[in-house]
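Visitor: Chains as they are written, first to last, in the working numbering: chain A, 1406 to 1976; chain B, 71 to 668.
Please keep in mind that the hints were generated in silico from the structure rather than gathered at the bench. Do not take every clue at face value.
[Stated by the list, open to error] Simulated DEER-style distance windows between Cβ atoms:
hint	chain 1	residue 1	chain 2	residue 2	range
1	A	Gly1770	B	Ser209	36 to 44 Å
2	A	Ala1659	B	Asp272	27 to 35 Å
3	B	Glu422	A	Ser1489	55 to 63 Å
4	A	Asp1433	B	Gly613	57 to 65 Å
5	A	Asp1716	B	Ala156	42 to 50 Å
6	B	Leu95	A	Asp1433	27 to 35 Å
7	B	Lys576	A	Ala1659	27 to 35 Å
8	A	Ala1659	B	Glu160	28 to 36 Å
9	A	Thr1786	B	Arg602	36 to 44 Å
10	B	Ser209	A	Thr1522	55 to 63 Å
11	B	Gln591	A	Thr1426	19 to 27 Å
12	B	Ser577	A	Thr1426	13 to 21 Å
13	A	Glu1947	B	Asp272	53 to 61 Å
14	A	Thr1522	B	Gly613	28 to 36 Å
[As the list claims (entries may be wrong)] Covered by chain B, according to a simulated footprint, are these stretches of chain A (three or more residues, beta-carbon under 8 Å):
hint	region
15	1435–1446
16	1468–1476
17	1660–1671
Glycine included, every Cβ here is placed at the ideal spot set by N, Cα and C.
Residue-level listing of the chains:
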Amino acid sequence: MSAPHSDVERIKAASRHLRGTLADSLADPVTGALADDDTQLSKFHGIYQQDDRDLRSERKRQKLEPAYSFMIRARVPGGVCTPSQWLNMDRIASERANGTIRLTTRQAFQLHGVIKTRLKAAIAEINREMMDTIAACGDVNRNVMAPTVHELTAVHAEVQEHARALSAHLTPATRAYHEIWLDGEKLPPPAVADGEVEPIYGKTYLPRKFKSGFVVPPLNDTDIYAQDLGFVAIVENGRLAGYNVLVGGGMGMAHGEPETYPRLADVLGFCAPEDVLAVAEAVVTTQRDHGDRSNRKHARLKYTIDDHGLDWFRHEVVTRSGVSLAPPRHFAFTGNGDAYGWQQDDSGAWHYTLFIQNGRVGDFGSLRLKSGLARVAEVHTGEFRLTPNQNLTISGVRTADKSRIAAVLDEYGIENTLQASPLRLHSMACVAFPTCGLAMAESERYLPSLLDRVEERLAAAGIGGDAITIRMTGCPNGCARPYIAEIGLVGKGPGTYNLYLGGGFAGERLGCLYRENIGEAEILAALTPLFEGYAGGRSPGERFGDFLVRTGVVRRVTAGRLFHAAEPGRG
Amino acid sequence: MRASTAPLEPLPLDTGQSDRLEKALAGLSPEQLHWVSGYAAGLAASQAGRLPAPAAAPVAATGDALTILYGSQTGNGQAIAERLAAKAREKGFGVSLQSLADYKPSQLKREKLLGFVVSTHGEGDPPDDAELFHEFLLSKKAPPLAGVRYSVLALGDSSYLNFCQTGREFDERLAALGAERLHPLVECDVDYEGAAQTWIGDVLSRLPEVMSASTPVPQLRAVSATPRYDRNRPFRAEVLANQKVTGRGSTKDVHHIELSLEDSGLRYSPGDALAVIVSNPPALVRQLLDELGLSGDTEVTVGGETASLEEALASKLEITATSMGFLKAWAGLGAAPLAALLDGGDKSALAELIDGYQVIDVVRRFPLAVDAQALAGSLRRLSARSYSIASSQRANPDEVHLTVAAVRYEAFGSAHWGAASTHLADRLAEGDSVAVYVEPNSRFHLPENDTTDIIMIGPGTGVAPFRAFVEEREARGAAGRNWLFFGDRTFADDFLYQLEWQRHLKSGALTRLDLAFSRDQAQKVYVQDRIRERGADIHAWLGGGAALYVCGDAKNMAGDVENALVDVLVAHGGLTDGAARQRLKELRRDGRYQRDVY
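Excised from the complex, chain B in its bound form (with noise of 0.2 Å):
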């Protein structure tokens, strides 16, 4: 993707010449509007030594004629893709050719004329490019596809049961969604040179008219003020997908979910972040009324709203995080105890009960019998949680990302479980729908400058927003250098978005990636020990204006970080260390160096 909305080739008549053309073409058939045509190419051409050539518009992805995608185990599909791609070319038409495994599905519904090659494997099985695409149209997250065009060849063997399958599914499913066929479905088998040659000729044959008939004209669309949303006024968003981005081994559950802002006119930039009202996890919520031994169904009363406890533990009240006003409401309430420790004055058993304690916690600690409303009126109004968010609006117009860890521990022989990272990774389905709204951080923005390089440092699910920065700096096709620094603890398991780094790093759009993975060896290796590494080129590259960003843990890694920058500008810069601090500290004040740590 390339832009935000679909761009429309900009017409070059102004419009009165439109007006008049658009008479003049009105009302003739196919045949005379082909005639048409190939006499405006014979002016054209006479009058070529007087004019300059029109210049090879850059081809948008949206703005091809013919977008040609093949699923090939066997690059046999791939070949066929390339003929027909290269045929098309030749007779003049724009045309976009990839992989199903690199195309992007939400493209599809600005999509004009589709040419799919695809194969069939096993019993009925799409080809291993084309998996995700297939299970993304045959889903319920594909798009209605009225006005886009389609032909399908499949490739198959006919020994098997299933021949054919995935070309048949293609093209039912697109049919189903909307979409025309531009030519009937074509099978093919071992045998396929004679059938993928006919079809060839058959698309070719059918792309003039199509396009003579398809050529928009532009039209201008209102655009609607911005509506708000906040607190008080989320924005329900759709679950798109809920996908695990950790592996197997990993120790951890991170989470890649995406959502849907379609209609919503919700607005982000890179660097802001999302707030999803959550709720608390219901077996919490048991846990507590069973230790109480309350009953879920008195009303109470909160914020001067009536509901049931249940309820109200479950997604009004804060339950997962203990704070100073619950422990002294709950000390208030007789927990003598409790009042006494708070009375004493240790900082250090204090801090262990806020951050250490859920609710429950401490409840089992200091016992206590308490009716329902006492119980929903020592706790705090739950929260909005905030995540930074992992994607580029331009990128990915009508959506939003997240990158979720799911907080899960055993504490005091029991489980234990964040509000809103299990809300959001275990409670959760496509097709469910969550309550946001956009946090914006202005103190956490790409430079203005496209041509200034950055450096990234995310560890861990700090690396959400670069994943956004990335995104957006390849979309507005910045020149600037992007640097990223990730860690985790392996690498086979806890590369978050390794493929897509992979493609960043080879499309360009990416120029560095170090990485450090903490487990992997028996020294422990962190992003700080890379930055140290690398001390020369990122002296150099903050010389050369580069600015510095870092993500994530703001308990250990963001002074870690910081402690290895004055390194890199004791060593390579010959500070001392008061005037490395100092300097990074000027970098700060100039927005050359940003954080979001948390």
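Same shape as in the complex, but just chain A (with noise of 0.2 Å):
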């Protein structure tokens, strides 16, 4: 017998694909928030209900509730919008939100400080450009990812291509989703059994959330270690050969609790571009009939693939799709940051990435980050692209047009962004405090005056030039991919973090924990020496994960099962 489900899967079985009751929530006026149930549900319509943690305590003696606000995902599979959809968010961010705009690690949009009687509005008024919010969030397939740029401009197309044909095969295919935001007409109950309602997820849908996407060596922009289903496009003789297909990334563990853990996807094997579509919804089908539905610490793909042995896996995913999946061909990264400035594709065309710290837009002072790119949406012929390091790619801009963008850039001061040092450049932090409801400890707030102390030892060190990735999130559930991280700092307490270091430059190998729950003097102290020693010590063009690893200062984690072994300070 296996155990019971976790009660989430009680409110998805019992929601009416996705229903709840989220309108009746949605009409309450005592309570800014939704229903218990509907905030488990919302999450499916790309809505996390939030409050303003810095008020909660405050507001709690005021005898006031918490000050609820939401958080809405709009997803843009491959981070591909345009001038118009980028001024719509940038209006619905000012009219609707707090303000700002937040692009998040998975190329997606975050408005944040939505309060309820405006969700509806804000809902609507995305979907209005063409975007929509369903299954940004959710026990369901998330934003796809995918390279924002490529040289090679056929095999860019073509695998953006398939990221968004991916999403739309797997996107929900409920109706409850128009019908609560969209004002859509409210069909009959379908007279068709559950499984035809949602013919690849079934009325309970995934065990827990998935995350897709692609990538196009030798940039790792995408992290694909870290997804559920990675597919990494195999180019030969210019052209796009098939993809060898990864599972079993995911980042998300628990403090305390060494049968959760971070893991890299394992390769399954090569697939033709035809077949992608195929495999995938195998993947998932396969996980959504035996990923572990009783126990959401153990329900993601990487869990199950672990539970039950990576042969098993491909067999089923073979059988089901009826695609042989042939050996892996070769493939290698050098690095997963974004291409800064300005680059020329094989057409002739411009991508300008510029650094947005933390992917927050916003005006900052002599920043003003937000109205400029407002600016440049109102002129810009081409696209804009998120990347998956939270940044943004002003991409396909005419060669006459370079000048007339560069102006708006250095006017609004962002130009100056790129000034930043390689170790910001090649940082990201999750959001956190106020908002995040798992926060643990700070994080976007925290990074940027952190990351000054961190510029100070290593320019002491002689090496203020090197590029190091460092990523830090707020709680153990990784979303700003900290663990594959050189630098990795995880949320534990208030001002308190586990450091990990010893993470592939690639994100192509695991770090390992280093020190556990300590203060910014405590980081610096640890870091300080290491720094030193790397700078005196290591081979021509090593990196410092690499250097860590193989100076013996942190164990080479191989597996996700191994990452914590023999932890320190444990027991």
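Since each chain sits alone in its own frame, please combine them into the complex, following the hints.
Guide: Written as structure tokens, this is what we have:
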């Protein structure tokens, strides 16, 4: 007998394909929150209920409920959006949300601080520009990632098209979204079996969230090893030959529960471009049928694969898809950061990737990112592309327009962002306080000032010009993918973090716990001698993470299951 | 809370029986007492066919054998608490299981036996739901707890420095307050299962002896005659809490104030007012002295008593409001333009002076050189201020609560303050005391019949007596329905007592709540608009005998609401405007439409 299902499974099963009582919750004037069960269902619609945690305790004393608001996540398959979609988000952020746009680590838009009474209008307005929020969160396939720029335009276009097709194929089929947010016609209850309403997902959807993406080597910008399902483009003779299929990546874990761990994806085999959807659907349905629905901390695909074995999993996928996976082809990555500045592709078009600290688009003093990008959107004829590192690429700029775009970037102080140190340009932080309900420690509000200190130490060691990946999250769920950074900081409590070191510069190796539960002074004290050792002892071209592993500062972590082996300070 | 005094379960024995039982049990050891209890249970079982089984007594909160309280972030603590509760119930003990978020700390001293399951988070912080209880317990408000027994199960993660800190604090503080450990503190790490299981077993094994040892024999207590308090003999009430209840974004500063009535014998009913003897804002006293160039040390006589001028202005004389008497006196002291204005009979100019001016504004507009005694002689005696009481004494036996909007505003180019509201909101800290007495208000009282429905209309601080009404009706177990109309400026920051109303709606103590927040949308919405929108239902409730209550602003709100009620009777009762007004008069006369407006 299997263990009883988790409560979220009950909510999904009873939700009538994600409807629940969301409509009633929205209409209840006594609270700014949704009914408890609806807070689970809203995620499938791209909406997280949050509250201002800075005010939580104060408001409880004031006999007021928490300052509830909602985070809306809009899907952007492959990160591609049009200038008019950008302007739409810009306006909604100002009129319905807290005035800023957050670009996420999965190439999606996030708006924060949307109060309940503005929620419906905000969602409707997002949809007005042919963008949606369904399945941006929840136990379904989330926003599908893809590289933002590649010099081979034909290959890039093909990969982007596959990303869009995968996103569409795995979008839930329920009409609930249209009914609740878009005043869509309420159709009579379907006279068909549940399996036919949601042919891929069924009525309880997946056991847990599911993340997928594409990548084109040598750049691993989409952190393909962190995806549940990844497709690595194999380019031969300038043409897309097919994809290596990767499965079982995922970042999330829980502190103090060593049976939870981050894991890098395994290579399953090679498939032809036309087999992408069949293979993806087989991976999804295998997880649907075999993923653990009793324990949400053990429900991601990575545990299904570790519990059953990769060979079993490959057999399921091959059987279900009818695609006989070929042996994987060779590929190699050089890094997982973005290529900043101006690049030109083989069609002659220009792409400018700018640095957006922690993905937060707002106007900050002389750096008027939000106003400046809106101005760019008004004149730009190409696309915007949200990068997997929370940055933005202004894409498809004609040579004739290049100077005009550059002038706007300069006028609004945006050009200067690329003057940041290589460390900062390779940094990421999740949102955390004050809105994220999971945060245990600060992240977005804190990392910039910590980087000031770390930059000083790097400069003192004479390596201030070297790129090192550093990522921070406020909790162990890993939104900013800290476990594959060379320096990873994961919130443990207010002002304290676990320090992970030795992740691969290309996101190809997990880091290892180096210090547990430490504050800023100890973080700096721990890093300083390592910077000095690296500056003096590295081999030519050797990356910081590789150096730490080679010299035995940290253990080489070869599998997710070994992530916690012999952690310091435990027991 | 369901009763005004700790109810002791009525003993099913008469006096003779209880005396005999007491004699028979005297001197028996715990083991012997156990045997006797089993023997008696066996006897009862053998007679069960002949005797009606004792009806399941309604479980009063205070009569429970065991109160289990949990504070839990992840649900682990709650699960353990639920397990203990289930096991204790299986063994036949009465159990009350509550989240610390829902538990009323004032109940603590009435408990017999407490089990705590509480986790610790971050750097030694209590879980969210235990935060306020934790603060209460560690504060000086926590009462002595002699006679209370307890045990604490602490959950934590030993990778943090302050492992199980909250549990440790509970355990130590309860002991310091005089409570007795039933079982020593148990600390659990992330693998809590084994230790928790053992703790549950240990606590359960102690229950029989504790219960047999603590079953009380009811004693009659003499009730002393209620002392009378008035303006001259006020009661000095200690401030238990002074909490701002409007949010950061509010334009208003409303405070919820809790005063202790412990040992006062002071009684009040919902609808009554509390008179507060206040002092004037010190900054205003200073300004007045400076304006007139007077020394605060000069002695003056007020009402036959001698005091320094500063003292008299601070606490004996009215300076935040003008009066006709003061204006005449000030004119008489030589303010010729003022005298001319008074003689001119310009009513609107006079009304402005009386409504909009404080004494200092008159002094500034009509400057005059006066001596200290002349000033003192011109001013009216400082009167007590009355506030509608916001609590039910049945629900809060030793307390009285007020809802006070601090009055602060700019006028004539300078800061102005209300005397009473700022005295209460700004100048009273927890532990301070304030002189009060009750002003009964027999014209604003709940229906005597608990099955009567009530409709309460109380925007702003006008909601205060309705908090008392709902608490009272809940404590009484009144079957009548309770419908509240509340309004203010914004939902986010001005929804007074929001969490309490939500709780009352959930429990059913409040049947309906209609809200009007005027500034949350372009078009302003007020309670009178909601009354019209809900007209059909209001009319139906009135038809069923419901009573109407209105509290708050007399200047605009009371009239607007009255007009809305007329509209309801016209639209849904088919009355003419005149007949509708007549109908409201009849309702007034019959006590079914009561107002407390000011």
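Visitor: Please name the hints from earlier in the document that this structure breaks, with their numbers sorted from lowest to highest.
Guide: 4, 6, 9 and 10
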